[in-house]
Structure formats: structure tokens, C-alpha cells
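Peer 1: Protein chains in written order, with our numbering: chain A, 112 to 244; chain B, 112 to 244; chain C, 112 to 244; chain D, 112 to 244.
For the record, the hints were derived by calculation from the structure and aren't laboratory data. Incorrect hints may appear among the rest.
Unchecked claim - Residues on chain A that point at chain C, a partial pick, calculated with CB under 8 Å: (1) Met112; (2) Leu121; (3) Ala122; (4) Asp125; (5) Ala126; (6) Gly128; (7) Phe131; (8) Ala133.
A quick note: this is a predicted structure, and the numbers were derived from the prediction, not measured. We treat Cβ as the ideally placed atom computed from N, Cα and C, and that holds for glycine.
Protein chains: 4
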Amino acid sequence: MFTLNSQVKLADTDAAGILFYANYFRLAHDGYESFLEAIDYSLNYVINESDILILIVHTEADYKQSLRLGVNYTLQIKVDKIGKTSFALNYRFEDSNSQIVAVIKTIHVTVSKGKNKPVKLPEKLRDKLTQYT
Amino acid sequence: MFTLNSQVKLADTDAAGILFYANYFRLAHDGYESFLEAIDYSLNYVINESDILILIVHTEADYKQSLRLGVNYTLQIKVDKIGKTSFALNYRFEDSNSQIVAVIKTIHVTVSKGKNKPVKLPEKLRDKLTQYT
Amino acid sequence: MFTLNSQVKLADTDAAGILFYANYFRLAHDGYESFLEAIDYSLNYVINESDILILIVHTEADYKQSLRLGVNYTLQIKVDKIGKTSFALNYRFEDSNSQIVAVIKTIHVTVSKGKNKPVKLPEKLRDKLTQYT
Amino acid sequence: MFTLNSQVKLADTDAAGILFYANYFRLAHDGYESFLEAIDYSLNYVINESDILILIVHTEADYKQSLRLGVNYTLQIKVDKIGKTSFALNYRFEDSNSQIVAVIKTIHVTVSKGKNKPVKLPEKLRDKLTQYT
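Start from the sequences, fold in the hints, and give me the full structure.
Peer 2: See the structure below:
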């Protein structure tokens with residue numbers, strides 16, 4: 112499991128006083144990028160140097176509580192599934208009392224650059240992901 | 112069906128050159144607010160004047176294509192389901208060739224302000240939603 | 112003068128209940144893109160087809176009032192100055208009572224792609240901008 | 112001086128491949144909130160508990176370089192000026208080679224809640240700010 116600690120900023124919130132529902136996806140992706148970097152497979156490398164792209168084809172979120180301005184929270188990322196040409200991630204937002212606030216899932220497909228066709232997960236990426244299942 | 116025409120702005124895009132996955136949720140919500148206003152049940156009224164809140168408890172998205180900077184697209188919103196204390200919306204993003212780019216679903220629960228307990232959909236809201244099923 | 116009518120969306124606001132200060136710049140840029148398209152010089156064309164880039168080198172904002180969720184506002188854009196290799200735009204946000212809410216300025220420099228050196232404003236762009244001074 | 116280390120995330124960038132000009136203001140404000148917390152005067156306290164609000168009445172940015180996806184940068188915040196009812200902050204974004212990327216200024220006015228009239232900076236806030244001039 113990959114864990115990040117963060118805090119709700121004003122830009123994350125909306126006029127209802129809570130973290131705006133769409134911003135969970137932005138924050139999850141920020142975490143995803145930190146995760147990719149931690150497994151030495153940075154998004155920058157993927158986009159600018161590798162011969163694949165990792166596309167998000169599906170995502171979903173369940174909102175159980177809300178987060179208010181200034182509140183500390185934890186984002187835990189783990190690998191849910193690893194397929195031939197895809198993988199699924201699970202993101203759990205917890206408040207400072209370890210209460211689940213929201214859970215996000217993302218499904219990622221690796222495609223060849225240019226042709227945009229699904230290709231097998233690169234060996235190295237698969238190995239690294241396996242460590243976080 | 113409620114339809115909006117729009118265009119991909121630079122702020123919507125990311126370094127991959129396409130509309131960032133989380134921004135579909137922001138744009139869907141923008142559309143949802145226009146829809147609520149069209150049925151005379153504005154979010155501003157809900158948050159500041161009514162005795163209920165309409166919470167998003169679940170959302171999901173399927174991404175089928177991508178949208179690039181400057182591209183025109185259509186957002187179509189319709190009501191998927193109406194329950195006792197909840198309703199579900201469907202948002203379809205189509206490019207200018209009527210190709211589906213992305214589909215989003217949101218599930219909304221009406222709760223009493225303060226207590227945060229599910230309450231029956233207000234009659235008027237239910238009636239209006241019914242017109243868009 | 113180039114004018115757009117819009118409405119404050121939930122995603123624009125923050126926990127203080129008002130349009131978040133940084134979002135004025137996003138909305139101004141959305142307007143700038145519509146303006147560029149109106150003068151047949153779309154940002155998409157600039158980024159992907161022309162041999163120049165138009166860089167923002169300076170921006171500033173004065174906030175005089177605030178805008179709340181659901182409020183209608185007008186964004187008026189005009190050209191402040193046209194230089195040899197640069198131009199300045201002025202954006203005025205007005206509420207529905209024609210009260211000035213915020214004023215933004217942006218200074219844009221045209222540079223050659225690759226070398227990133229200032230180059231003369233393309234004739235056509237200069238001509239079009241002149242119509243909005 | 113208050114210093115934060117960060118990294119450019121995909122959500123910060125745009126189709127030009129660089130950190131979107133408006134997002135510097137979001138990131139500066141994120142830093143401002145961390146700064147306020149560091150001086151024990153959190154924005155959450157200000158908005159929800161104190162009898163003042165701290166309004167941003169002016170901001171400006173100079174962009175000297177750009178920041179690309181995945182790049183590490185430093186944000187340095189210092190207090191530029193302290194007035195009777197206002198203060199000014201300076202934010203300097205530097206890349207990993209200590210090159211200045213962008214400089215932002217914000218001017219903040221303390222007003223009474225409700226009446227929205229300028230009031231003297233609270234003693235404690237003034238004292239803390241003084242330590243960062």
C-alpha cells in the first residue's frame with residue numbers, strides 16, 4: 112500500500128464548504144503520479160519517453176463522508192487487479208480518525224503510442240505493481 | 112434530455128493534450144447546475160434556501176475517446192432513475208461527429224439539512240425530473 | 112469589446128462561498144480563447160499549426176466585489192495595448208447590476224516556436240486585435 | 112522565508128505541456144494556507160472562528176520560465192509589507208536549478224465579518240507576519 116498525507120486546501124472546496132466531488136479525482140491522480148514515481152515509472156517518462164500510454168478507461172467513486180477546509184486526510188493507494196493489458200487501482204481517502212471518506216477506483220489500459228491499441232503491460236511495470244497488491 | 116454545447120478550453124486539458132479525466136466531472140456538474148436551473152430548482156436555492164441538500168454519493172465514468180483543445184462537444188443529460196430518496200443522472204459527452212467520448216453517471220441522495228438523513232425527494236423536484244427520464 | 116455572459120458554478124467557488132480568486136484567471140482565459148476564436152485566430156491553431164506561441168508573461172487582478180454561487184456575470188474583454196511583439200488585454204467581470212467585480216490584465220508576447228524568441232505580431236493578428244482596442 | 116517543495120502534477124498542466132498560468136495562483140494559495148497554519152493562524156480558523164476575514168484585493172504574476180510535468184520546484188513565501196489593515200506576500204517559484212520560474216504577489220486586507228470594513232490586523236497575526244519579512 113502506498114500512503115500519502117495531505118490537507119484540504121481552499122481550492123479543493125466549494126460553496127457547500129466541503130471538498131468538491133470532482134476534486135477527489137484530481138487528488139487521486141496526484142497520488143497516482145507520486146505512486147508511479149515511487150515505483151520508478153513516472154508519468155513524465157511514460158508520456159515523453161516510453162512507447163506506451165497508460166489510459167484511464169473507467170473510474171468510479173463512492174462518497175461516504177465529506178472533508179472540510181483544513182482537515183488532514185490520508186490517501187491510500189493499492190493495486191486491485193493486474194490484467195494482461197490493464198490494471199486497476201483503489202484509492203481510499205480517510206480522515207484523521209481513520210474514517211473512510213471516499214473510495215475511488217481507476218482502470219488503466221496500456222496502449223501503444225500512435226496506434227492506440229492495447230499492448231501487454233511492460234514487464235517492469237507489472238513487477239512493480241505486483242508489490243502493491 | 113437536456114443538451115448543452117461547449118468547447119474544450121485550455122484549462123480543461125493536460126500535458127497529454129486532452130481533456131483531463133477529472134475535468135469531465137467538473138463539466139458534468141456545470142451541466143447539472145444548468146439542468147437544475149432549467150427545471151427551476153437551482154443549486155443555489157438548494158444550498159441556501161431549501162431544507163434539503165442533494166448529495167452525490169456515487170459517480171462513475173467510462174472514457175471511450177479523448178477530447179482535444181478547441182474541439183466542440185455536446186453534453187446530454189438525462190434522468191436514469193428516480194427513487195424514493197434518490198435519483199441517478201446520465202451524462203453523455205459527444206464530439207462533433209456524434210461519437211460518444213465519455214459517459215458519466217451520478218447518484219444523488221436528498222438529505223435533511225443538519226441531520227444529514229435521507230428524506231423523500233421534494234414533490235416538485237420529482238415531477239421535474241420525471242420529465243427528463 | 113468582446114462580451115460573454117456566464118454564471119458562477121459550484122466548481123468555481125470555495126468554502127468562503129465565493130468565486131475563488133485563482134478561478135478568475137481560468138475564466139478570463141476561457142474568455143480569451145473564445146475571443147481568439149472570434150477573431151479567427153484560435154489557440155488550437157496557434158499551438159498546433161502556427162510557427163509562433165503566444166506566451167502570457169504578466170497578469171494581474173484587482174478584486175472589488177465577490178461573486179456567489181449561481182450569480183450571473185458578464186465578462187468584457189478589450190485590447191489595452193498593441194506593441195511590436197506583444198499585446199495587453201483587459202478583462203472586466205461585472206455582476207448583473209453592472210457593478211465591477213474584478214478586473215484582470217494579461218500581457219502576451221509572441222515568440223517563435225522552438226527558439227522562444229520574441230517575434231513581431233503576425234499581421235493578421237495585429238489587424239484583428241486593433242478592432243478591439 | 113517559508114519554503115515548500117513540490118512537483119508539477121498532470122492536473123496542473125495544460126495542452127501546451129506546461130503548468131497553466133492560472134494554476135500558479137492556486138498553488139500559491141495552497142502555500143499561503145500552509146504558511147498561515149505554520150504561524151498558527153489557519154485559514155480554517157479565520158473563516159470559521161475569528162471575527163475577521165482576510166480578503167485578497169490584488170494579485171499579480173510575472174512568468175519568466177515554464178514548468179513541465181513531473182518537474183520539482185520550490186515555492187518560497189515571504190512577507191513584503193505589513194500595513195495597518197493589510198499585508199502583502201511574495202511567492203517565488205524556482206525550478207530545481209534555482210532558476211526563478213514565476214513570481215506572484217498578493218495583497219490581503221483584513222475586514223470585519225459581516226460589515227466587510229477594513230479593520231486593524233490582529234496583533235498576533237501582525238507579530239507572526241513580522242517574522243517572515
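Peer 1: Among all the numbered hints in the text so far, which are the ones the structure does not match?
Peer 2: 1
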